[in-house]
Amino acid sequence: MAINKNHEFEELDGVKCGIVEKNVTPERLAFLKELLTVNGYTVIAVPSPAPKAPPAKAAAEKPAEAEQTEQTPAPPPPPTTFTVGVTDYTFNAINAIFGRLLKTKTGKVVTLAYWQQKEAESNDEVPYYEFNG
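Residues 190 to 322 in the working numbering are what the sequence shown spells out, letter by letter.
Please keep in mind that the hints were generated in silico from the structure rather than gathered at the bench.
Quantities reported herein were computed from a predicted structural model and do not represent experimental measurements.
Incorrect hints may have been included.
What the hints assert, rightly or not - Derived EDC-like pairs (lysine to aspartate or glutamate); straight-line CA-CA distance at most 16 Å: (1) K292 with E216; (2) K294 with E200; (3) K292 with E310; (4) K294 with E310; (5) K205 with D277; (6) K297 with D313; (7) K292 with D313; (8) K292 with E197; (9) K294 with D277; (10) K292 with E308; (11) K297 with E310; (12) K297 with E223; (13) K222 with E210; (14) K211 with E199; (15) K307 with E216; (16) K211 with E197; (17) K297 with E308; (18) K211 with E200; (19) K294 with E308.
All chains should be modelled from the sequences, with the hints used to inform the complete structure.
Below, the structure is given as structure tokens:
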């Protein structure tokens, strides 16, 4: 049970893990895995469970004739997503980012924009609390 929504942990592949993110794409998984491994965390990723399907409509709603002549196309398969966790179950992504605890491969501090992959490189020359301008 999590203390709050920002501090989740659960068992992934039989190991108690702090949850970093859920429902991430394979590209995001590669980014997070590299970043967290550089920072000394052991990353575990498991496929996210498929979303629950809406209940099927009752067969009584369609006449039997229409059912035989019409074939409804199968819904597309859900995208493959992953749940990402680290073996340090006390890990909290918010605290790690704003506490300036994570570093990039080049040794720069990870910013929120870099974490969200809005910037290709972390650009944190002056901390926000020291900015005078």
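We went through each hint and held it up to the structure:
no., hint, in the structure
1, K292 with E216, "violated, 20 Å"
2, K294 with E200, "violated, 28 Å"
3, K292 with E310, "holds, 11 Å"
4, K294 with E310, "holds, 10 Å"
5, K205 with D277, "holds, 8 Å"
6, K297 with D313, "holds, 7 Å"
7, K292 with D313, "holds, 11 Å"
8, K292 with E197, "violated, 22 Å"
9, K294 with D277, "violated, 20 Å"
10, K292 with E308, "holds, 15 Å"
11, K297 with E310, "holds, 9 Å"
12, K297 with E223, "holds, 15 Å"
13, K222 with E210, "holds, 11 Å"
14, K211 with E199, "holds, 11 Å"
15, K307 with E216, "holds, 14 Å"
16, K211 with E197, "holds, 10 Å"
17, K297 with E308, "holds, 13 Å"
18, K211 with E200, "holds, 13 Å"
19, K294 with E308, "holds, 15 Å"
Violated hints, in rising order: 1, 2, 8, 9; the structure is consistent with all others.
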